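Residue strings, one per chain:
There are 2 protein chains.
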Amino acid sequence: MRDSFHHRLDVLVLQLARMCDLTAVAMSRATDSLATGDARLAEGVVADDVIVNQTRTRIEQDAQTLLALQSPVARDLRVIVTVLRSAEHVERMGDLAHHVALAVLRRHPDPVLPAPLRSRFQLMGSIAVRMAGTTGKVVRERDPVLVRTLDAADAEMNELHRSLFQVIGHRWAFGIPAAVDASLLSRYYERFADHAVAVAARTAFIETGTPALI
Amino acid sequence: MRDSFHHRLDVLVLQLARMCDLTAVAMSRATDSLATGDARLAEGVVADDVIVNQTRTRIEQDAQTLLALQSPVARDLRVIVTVLRSAEHVERMGDLAHHVALAVLRRHPDPVLPAPLRSRFQLMGSIAVRMAGTTGKVVRERDPVLVRTLDAADAEMNELHRSLFQVIGHRWAFGIPAAVDASLLSRYYERFADHAVAVAARTAFIETGTPALI
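As they're listed, the protein sequences go chains A and B. Under our numbering, the residue at position 145 of the first sequence is numbered 1182, and the numbers go up by one with no gaps. Under our numbering, the residue at position 57 of the second sequence is numbered 1094, and the numbers go up by one with no gaps.
What the hints contain is simulated information worked out from the structure, not anything from laboratory work. Worth double-checking, as some hints may not be accurate.
A partial selection of chain B residues facing chain A, derived with a Cβ cut-off under 8 angstroms [said to hold, decoys possible]:
#1 1042
#2 1104
#3 1111
#4 1118
Owing to the predicted nature of the structure, the values given are computational and were not obtained by experimental measurement. Heads up, the beta-carbon is just placed ideally off N, CA and C, and yes, glycines get one too.
Just chain A, with the same shape it has in the complex:
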């Protein structure tokens, strides 16, 4: 049986994984509200962001308590430091989903995005949601193969972000506010993916001991 200290470490890791799952749900709902203009869905994302923030607070407090009281070494120390450094990245993922929802509410009842951009953002959303779910799985299972699938998804996201500016640059008929909104929203999705990669790469470091500098 695991002793009390190692049980608390396990709980810490599971809390972080759970936090990834919460941001996947938040980004899924935020993207749906962006596609449909559903303000109640967007309001739910805004309200639930508090839960992600509270989870981060609890994780950081627990990690700091374990660090201060137990003087952990080697792998145990790496687990705590990694969780401590990852929680804020995951909270940031939640913030970015929140930003998407706020954009929906700011323009409501008008849609934020013109119709030709909607499928692009649904694709970015589905990649982001899948990445957050994968990162949660990496945190739980620390499977290096899964970490590599995230790199491919991140590259796809970067390409979608980059190519948006070609779409906006040529024959754009939807006005400046829509162009600005689309640019910033695209950036939110792209940054969400970066944070998912950073957390997964860090978690891999728990096993290897090689620092991930992402």
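Position chain B against the provided structure of chain A, taking the given hints into account.
Showing chain B alone in chain A's frame:
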């Protein structure tokens, strides 16, 4: 006299402060290149970003070595964890200066910003540079009064970012690419300020032991 361990801690903190200074220089040059269209200045910012990144790598390696070898406790532990968690924020500040310089190079020889926006971005730049310098000072001296001056500067930055969208929304005569560039650039300055605040708030935690959740 300080023992070898505490000397290494002092060096770690000074490296972090030095990294803040590097990002202040980078953002100052990036902003000048944005105002003047000086491509060589922008190229210098891009080239020097490597130094910031290398400093982060060295800081994180040193911090992890100290954590693993010395089993530090209490304040010493807080110093190491804080430095470890701050270095990536400062690296991100460097990345954001780098993003500004890349925008200049992408449009060169055309200016990125239309003339009426230049003074706004010079103001954002000067606030950002001052904030990075202040954060470096907080890291060195851990003065809580300085931390509070950062909050005021951050509020000013947020207001400048927010009000840009009013400027772009009404009677904008400079086309869509300029509106998109200005929006993203404004976001870079605003995020730069957020990271400066986060690092300073963290550093304050070294003395108080109260976690900063920024």
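Comparing the hints with the structure gives:
For residue 1042 of chain B, the suggested interface contact is broken, since its CB lies about 15 angstroms from the closest CB of chain A, more than 8 angstroms. A hinted interface residue such as residue 1104 of chain B counts as satisfied when its beta carbon comes closer than 8 angstroms to some beta carbon of chain A; here the least separation is about 6 angstroms, so the hint holds. For residue 1111 of chain B, the shortest C-beta to C-beta distance to chain A is roughly 7 angstroms, which falls under 8 angstroms, so the interface hint holds. Look at residue 1118 of chain B: its Cβ gets to within about 7 angstroms of chain A, closer than 8 angstroms, so that hint holds up.
Hint compliance for this structure: hint 1 is the single one not met.
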